[in-house]
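With chain A fixed as given, assemble chain B onto it according to the hints.
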Amino acid sequence: MKSNSLLIKNARVMDPANSQDEISDILIEGGVIKQSGRNLTASGVAVFDATGLIACPGFIDLHCHLREPGFEDKETIASGASAAAHGGFTTICCMPNTQPPLDSASAIDYVNKIAARDAARVTVLPVGCITRGRAGQEITEMIELAEAGCIGFSDDGSPVSSARVMSIAMENAAGLGLPVIDHCEDLELSRGGHINDGWVAARLGLKGIPAAAEESIVARDIALAEMTGVRLHVTHLSTQGSVALIRNAKLKGLKVTADVTPHHLTLTEERVINNPVKTDTLLAYDTNAKVNPPLRTAADIQALIQGLNDGTIDAIATDHAPHTREEKLCEFETAAVGISGFETAFGVLMTLVNTGEISLNTLIAHLTAGPARILNNRRGISGTIKPSARADIVLLDINREWLVDVRDMLSCGKNTPFDGYTLKGMVVATIHGGEVAYIHQSVRISR
Amino acid sequence: MSLYEAKLSAAGQGTLPPLSIGSWQHKHVLDLDDFSREEIDLVFEIADGMVEILARDVKKVPTLRGKTIATMFFEPSTRTRASFELAAKYLGADTVSLDAVKSSVAKGESLIDSLRTLQALEIDTIIIRHPCSGAACIAAQHLETSIINAGDGCHAHPSQGLLDIYTMKRQLGDLSGKKMVIIGDIMHSRVARSNIWGTRTFGISVVLCPPPTLVQHGMSEMIERCGLNHVRIEHKLDAALEDADIIMPLRLQKERQPSGLIPSIREYIQQYQLNPKRLLRARPGAIVMHPGPMNEGIEISHDVAYGSNSLIEQQVTNGVAIRMALLYLISGGKNR
Numbered sequence: 000m001k002s003n004s005l006l007i008k009n010a011r012v013m014d015p016a017n018s019q020d021e022i023s024d025i026l027i028e029g030g031v032i033k034q035s036g037r038n039l040t041a042s043g044v045a046v047f048d049a050t051g052l053i054a055c056p057g058f059i060d061l062h063c064h065l066r067e068p069g070f071e072d073k074e075t076i077a078s079g080a081s082a083a084a085h086g087g088f089t090t091i092c093c094m095p096n097t098q099p100p101l102d103s104a105s106a107i108d109y110v111n112k113i114a115a116r117d118a119a120r121v122t123v124l125p126v127g128c129i130t131r132g133r134a135g136q137e138i139t140e141m142i143e144l145a146e147a148g149c150i151g152f153s154d155d156g157s158p159v160s161s162a163r164v165m166s167i168a169m170e171n172a173a174g175l176g177l178p179v180i181d182h183c184e185d186l187e188l189s190r191g192g193h194i195n196d197g198w199v200a201a202r203l204g205l206k207g208i209p210a211a212a213e214e215s216i217v218a219r220d221i222a223l224a225e226m227t228g229v230r231l232h233v234t235h236l237s238t239q240g241s242v243a244l245i246r247n248a249k250l251k252g253l254k255v256t257a258d259v260t261p262h263h264l265t266l267t268e269e270r271v272i273n274n275p276v277k278t279d280t281l282l283a284y285d286t287n288a289k290v291n292p293p294l295r296t297a298a299d300i301q302a303l304i305q306g307l308n309d310g311t312i313d314a315i316a317t318d319h320a321p322h323t324r325e326e327k328l329c330e331f332e333t334a335a336v337g338i339s340g341f342e343t344a345f346g347v348l349m350t351l352v353n354t355g356e357i358s359l360n361t362l363i364a365h366l367t368a369g370p371a372r373i374l375n376n377r378r379g380i381s382g383t384i385k386p387s388a389r390a391d392i393v394l395l396d397i398n399r400e401w402l403v404d405v406r407d408m409l410s411c412g413k414n415t416p417f418d419g420y421t422l423k424g425m426v427v428a429t430i431h432g433g434e435v436a437y438i439h440q441s442v443r444i445s446r
Numbered sequence: 000m001s002l003y004e005a006k007l008s009a010a011g012q013g014t015l016p017p018l019s020i021g022s023w024q025h026k027h028v029l030d031l032d033d034f035s036r037e038e039i040d041l042v043f044e045i046a047d048g049m050v051e052i053l054a055r056d057v058k059k060v061p062t063l064r065g066k067t068i069a070t071m072f073f074e075p076s077t078r079t080r081a082s083f084e085l086a087a088k089y090l091g092a093d094t095v096s097l098d099a100v101k102s103s104v105a106k107g108e109s110l111i112d113s114l115r116t117l118q119a120l121e122i123d124t125i126i127i128r129h130p131c132s133g134a135a136c137i138a139a140q141h142l143e144t145s146i147i148n149a150g151d152g153c154h155a156h157p158s159q160g161l162l163d164i165y166t167m168k169r170q171l172g173d174l175s176g177k178k179m180v181i182i183g184d185i186m187h188s189r190v191a192r193s194n195i196w197g198t199r200t201f202g203i204s205v206v207l208c209p210p211p212t213l214v215q216h217g218m219s220e221m222i223e224r225c226g227l228n229h230v231r232i233e234h235k236l237d238a239a240l241e242d243a244d245i246i247m248p249l250r251l252q253k254e255r256q257p258s259g260l261i262p263s264i265r266e267y268i269q270q271y272q273l274n275p276k277r278l279l280r281a282r283p284g285a286i287v288m289h290p291g292p293m294n295e296g297i298e299i300s301h302d303v304a305y306g307s308n309s310l311i312e313q314q315v316t317n318g319v320a321i322r323m324a325l326l327y328l329i330s331g332g333k334n335r
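Listed in order, the protein sequences are those of chains A and B. Using numbering that gives the first Met the number 0, read the first sequence as starting at 0 and increasing by one per residue. Using numbering that gives the first Met the number 0, read the second sequence as starting at 0 and increasing by one per residue.
None of these hints come from the bench; they were simulated from the model. Treat the numbers as computed from the prediction; the structure is a model and nothing was measured. There's no promise every hint is true.
Lysine-lysine pairs mimicking BS3-like chemistry, simulated, CA-CA at most 27 Å apart [unchecked claim]:
#, chain 1, residue 1, chain 2, residue 2
1, B, Lys59, B, Lys88
2, B, Lys276, B, Lys168
3, A, Lys8, A, Lys33
4, B, Lys235, B, Lys276
5, A, Lys206, B, Lys235
6, B, Lys235, B, Lys178
7, A, Lys277, B, Lys26
8, B, Lys253, A, Lys206
9, A, Lys423, A, Lys8
For reference, chain A alone in the conformation it holds in the complex:
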């Protein structure tokens, strides 16, 4: 019996790329989808009874931090991959803010090598730097980085300030057919800021990060994308204004795409002072809710949800950003920025489905077909379940409630604002290339 062959029985198969939503079996052989349909049988193949479960393409995350090389105390490629599989992800794109940063072909080679050795149960796709050392001055040898296999270019948390340098990088990326993925932030405007520039910042005596710090760079990047013809992907949108800018750019026919994170879709700036599952505490300065871009307002959340529903926003990405305990257990202003997001993503996003704000189909589309389009089918990532596609499948129980407990998380980073939340909707199993990458203890595959 081959480990990369499997028969999934009686699942509700949801494949947004093919508008499929029906009860079906899926037969996987040799790591690829062989066929799907009712009443399939196969001999000598393990059987997964998926009655009551949803089977959909494995989730694709366009934005995560695996921290290796350089920050292995926060996360390693191995631990990050385990956490990703736990969260239903079969393909993850890791950002280049490692040490050294992924600004050379050899650094990309290194990540690919470690991923192949330690993280075979998910596909790790590195993003290369736009500039050397992420310093915003000189562009990297982008052709070599592309040849080494990077799927796009980004300086992530240190976005390129110079419009001139950015435009040169965009011209190169356009020639390579790869996206520039930008974390849009005017660093001068946001300098010294810790949370949204709103009433909570005034309340806590913290400097705020205004929405304009994001929106001014989104606007600049759209203008530069129009000039250079690059595929621009704006990552982790957080404001109403950014959604409007992306919507207009798409109306103009520009090759602009965008993603949003689970936390920006569900939490507001108030989460810094108010934890719904811990109401007995003193005025909190909850470092687990410190993230960049910062959590914004209810109006921003409404605009982001509308962006998901009307197609302005193409994908949901976690911005999984693990940190050590010590980096969060400290003064708010010195605490590290980011949320460990792989393992709570689906459950958190299901709250939007459970409240009727987005459909289940929209949710799954933004975790599968949407990001797959941005990856442009590279490395065989299709985001669909169709015959001959690589068998990347996630099995979901959308009715199952579970309690988020950081002790259950496989990521080294336990920094989540969702600890103690009860979520409805759980990843039951993750299958990558036909192999079981993760399976919940309550389920069994019969051999």
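This is chain B only, laid out in the frame that chain A set:
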């Protein structure tokens, strides 16, 4: 009652009068946002007794004998630290003072670990000042020991807020209907924020008068969301000072100019300095306070700082009494 009068009446008296502290609910003093009016009144009632003690020749009482109080200051301070340490000593407590800027923190120890060490030394109350907003709150979340916030970043300075209101009350009596104007750098002022919270049950209206660049964008929304209906913002000083009863110019940090938040110190003086001419706009007999340290000649002119309206020195004396009251209540709270 002036300090001189208190001195006369206190002459020859014994120890502290017995007080009911049943309405005291605080283990920590982090800000005034969770203080009820009853609690503030209780602090003031006890502070009255402390003022009497301060007026004596021999200022020491044995109330907190056997208690140990630590001051841990992560940023430079002279008056607040001296005020707290004297308050503890006058009540008979043992004090230990840690200059955190130079100690273990410089060796890389975290805030929480440093404080846990103090807790392990069986310190009863830790008085902490820190440049980061929220540091005292974070300390209180991780420690069993009582914490008094002696100033955290731009967030809160509750003992200063209390001593300011106490000073107003001793001078003006009933504060209901009075108008207070706080002038200057509201954005970076923990004193302003604690005064805003502290005054909310006194019937005072508070006008914040900052240059437009020295207040958070979210301040108006904060005022609304937090139900601080007695507070409003007015950028023009002359308008703000109309009929004011209490005026508090804030220290203007000189580094605000190089950082670009104000165009020049000269313009700030022209637009926002409290000088005798501007003082005429306020009510006759309006009081002037300043949380210190002052930049004489910048936010306040010499004539006003040392004029007949100024209560700046009384604030300092009252500060010791308020801190004695807080230490007394915190220690009492622990024994219950």
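The hints, checked one at a time:
1. B:Lys59 / B:Lys88: Within the cut-off at roughly 7 Å; holds.
2. B:Lys276 / B:Lys168: holds, 26 Å
3. A:Lys8 / A:Lys33: Given that 27 Å is the threshold and the Cα spacing comes to 14 Å, the pair holds.
4. B:Lys235 / B:Lys276: Holds, at roughly 15 Å.
5. A:Lys206 / B:Lys235: holds, 24 Å
6. B:Lys235 / B:Lys178: Roughly 16 Å between the alpha carbons, so the hint for B:Lys235 and B:Lys178 holds.
7. A:Lys277 / B:Lys26: Between A:Lys277 and B:Lys26 the Cα gap is close to 19 Å, so the pair holds against 27 Å.
8. B:Lys253 / A:Lys206: With Cα atoms ~18 Å apart, B:Lys253 and A:Lys206 stay inside 27 Å; holds.
9. A:Lys423 / A:Lys8: holds, 23 Å
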